[in-house]
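Visitor: So you can see what is in the structure, the chains are spelled out below.
Protein chains: 2
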Amino acid sequence: MSKSTESAEQRLIGRYFRPLATHPGAFGLADDAAAITPPPGCDLVLTADGVIAGVHFLPGDPPESIGRKALRMNLSDLAAKGAKPVGFLLSLALPARVSESWIAEFAGGLAKDIERYDCPLLGGDTDHTPGPIAASIAAFGAVPHGGMVRRSTAKAGDVVIVTGTVGDAALGVKLRRDSGLAKRWRLNKAMAAQLTQRYLLPEPRNALAKAVRLHASAAMDVSDGLAGDLGKLCHASKVAAEIDVERVPLSVAAHAVLAGAPKLIETLLTGGDDYEIVLTLAPGELPGLREAAKSTGVALTEIGRIVKGDGARFMRGGKALAFKQAAYSHF
Amino acid sequence: MSKSTESAEQRLIGRYFRPLATHPGAFGLADDAAAITPPPGCDLVLTADGVIAGVHFLPGDPPESIGRKALRMNLSDLAAKGAKPVGFLLSLALPARVSESWIAEFAGGLAKDIERYDCPLLGGDTDHTPGPIAASIAAFGAVPHGGMVRRSTAKAGDVVIVTGTVGDAALGVKLRRDSGLAKRWRLNKAMAAQLTQRYLLPEPRNALAKAVRLHASAAMDVSDGLAGDLGKLCHASKVAAEIDVERVPLSVAAHAVLAGAPKLIETLLTGGDDYEIVLTLAPGELPGLREAAKSTGVALTEIGRIVKGDGARFMRGGKALAFKQAAYSHF
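As given, the protein sequences belong to chains A and B, one line each in that order.
If you're matching positions, the first sequence starts at 42 in the working numbering and goes up one per residue.
If you're matching positions, the second sequence starts at 42 in the working numbering and goes up one per residue.
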């Protein structure tokens, strides 16, 4: 514990975080709490997720991407639930050795995403820690009353859709840890950089939130691997999914890796950090979803069907793949 | 990082935290997010605060008190802002060595306070950490639209009131660290235990929230020491406070300590973890406040006045006390 005048914390907050608190209810971070007036007729959707050095990011990761990644993990949950971002609280634990330039870059990254996703800082707290850097975020979104898209409402006969591409971040983190892999995987620089970037800075699908809300029967964000997360959705909905592995959307880089190392299909399907959305919907809703998604530029791929039963089966050549570990866990 | 089936985290959550998620919008912690319908005509008040082992609590502190303390720190903010608790999100970072019985006791403590303060768990996340145990909480309360009590609205002529007693926790943490102090301070066991308990488990003044909202001109919770916190309130309100040190309410135990060690007045006035409320109000509001507070059993003490100027002055014998460090900081 340390005793000090308020200057150290207050000065840092004033300099780097107050400019991020653009919401009037944040009171310039100069009060004990924030106040928001929820949009009339709306529910608030609440989620919390955070990052810890050595667990969710690596010591050498650029500070600019760390806060952004923490925020985007939460934005991804809001997107999958069909919610429009309202704002967030940030709890930051910093070792004494963290430099002011680190904090400046961290906050600078957040500033970009606050503007990009229209999700201002509402408040939070800052502490010194004897442990690793940690950033916890609680984020809030709005949906029309009763409109949050659930995990537990998929129905037999529904189509299964996943956004973007799957597995890139799981390859990206391997590349970050072992730079020799790029050569063994015969990746050119651009491909290796693209995979690494997907790990450093996810692209949450908030542009699709309204389309998901209007058309999906159920949805969740893919953060712990497609296989495990779809398994959770099936379990919550008391249904099964039959997924055609050949249809799971992969990036050109991931295809290149698989060509030389076909066993990595398990890493792609069970690795974490995709921050895509997996959603189910009645077949009749597909045209509406595709139309609504057109302007967003986000790819939607039909990968299978919901059927009666329990669990997600990933089928290839008429057989279900067996995974050693179905889901990625930071725990 | 670790790969695992979802069982470890899911089993812990199911066993110890799902029973705490009594709010229907928590969906039994089985979705990505919670949804709440704000009470009509109300604003939501949002605050975040957390505890880290070795910073906000000591390694030997009972697990039962750790989660409760983290929640009560947030409840204290809601109380000072005049808000009624709605619920909270919990982000828990646990080292691998933490035992299941630790988690059971931690959650058991939270369960008691969830019921006591009617503030259910809405969601959150759990991660392993290579660092110390850390619990971050984001808590939500409701006030009638525009009704959040601010720091920045005290006026010259207002009376300054503080709840309960000040400085006990600052003595309590000293006793926790140096058990020989009880003898030097000539405290009997009951007194020492009372001071320690104030540090382990604050008593936030949520019973007074409505009275504060109806009568206070400004308020904040006293978490970083009365001197520093009142200084922040004065700064935000662009006023000064003149406080009569002899009128600052102290417990019998704190009086006993001061009798032998008068210099500790600085510790009492600048130490942290009081979780009382300091509030200002027009003199005409005093009878209403006292009437509203009567049924709560919380003591209200008039300790001074708001005047023109800047900063909080603690007067004794016609002179302002000079503090080495005005405010306690965990940063």
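Everything labelled a hint here was simulated from the structure, so no lab data went into it.
These figures come from a predicted structure and were not determined experimentally.
Errors might be hidden in some of the hints.
Copies of one chain are not kept apart here, so a pair can be met inside one copy or by any two copies together.
As the list claims (entries may be wrong) - Here are the computed lysine to aspartate or glutamate pairs in the DMTMM-like style, where the Cα-Cα straight-line distance is at most 25 Å:
#1 Lys153 x Glu326
#2 Lys360 x Glu141
#3 Lys365 x Glu50
#4 Lys215 x Glu50
#5 Lys153 x Glu141
#6 Lys365 x Glu146
#7 Lys125 x Asp219
#8 Lys360 x Glu146
#9 Lys196 x Glu156
#10 Lys365 x Asp102
#11 Lys279 x Glu50
#12 Lys224 x Glu105
#13 Lys215 x Glu332
#14 Lys365 x Asp159
#15 Lys304 x Glu146
#16 Lys230 x Glu326
#17 Lys335 x Glu50
Visitor: Are the hints correct? Go through all of them and say.
Guide: Each hint tested on the structure:
{"no.": "1", "hint": "Lys153 x Glu326", "result": "neither (34 Å within a copy, 46 Å between copies)"}
{"no.": "2", "hint": "Lys360 x Glu141", "result": "neither (55 Å within a copy, 39 Å between copies)"}
{"no.": "3", "hint": "Lys365 x Glu50", "result": "between (46 Å within a copy, 18 Å between copies)"}
{"no.": "4", "hint": "Lys215 x Glu50", "result": "between (36 Å within a copy, 24 Å between copies)"}
{"no.": "5", "hint": "Lys153 x Glu141", "result": "within (19 Å within a copy, 41 Å between copies)"}
{"no.": "6", "hint": "Lys365 x Glu146", "result": "neither (39 Å within a copy, 33 Å between copies)"}
{"no.": "7", "hint": "Lys125 x Asp219", "result": "neither (38 Å within a copy, 52 Å between copies)"}
{"no.": "8", "hint": "Lys360 x Glu146", "result": "neither (49 Å within a copy, 46 Å between copies)"}
{"no.": "9", "hint": "Lys196 x Glu156", "result": "neither (37 Å within a copy, 36 Å between copies)"}
{"no.": "10", "hint": "Lys365 x Asp102", "result": "neither (29 Å within a copy, 40 Å between copies)"}
{"no.": "11", "hint": "Lys279 x Glu50", "result": "between (49 Å within a copy, 21 Å between copies)"}
{"no.": "12", "hint": "Lys224 x Glu105", "result": "neither (28 Å within a copy, 52 Å between copies)"}
{"no.": "13", "hint": "Lys215 x Glu332", "result": "neither (36 Å within a copy, 65 Å between copies)"}
{"no.": "14", "hint": "Lys365 x Asp159", "result": "neither (40 Å within a copy, 43 Å between copies)"}
{"no.": "15", "hint": "Lys304 x Glu146", "result": "neither (38 Å within a copy, 43 Å between copies)"}
{"no.": "16", "hint": "Lys230 x Glu326", "result": "neither (40 Å within a copy, 71 Å between copies)"}
{"no.": "17", "hint": "Lys335 x Glu50", "result": "neither (46 Å within a copy, 38 Å between copies)"}
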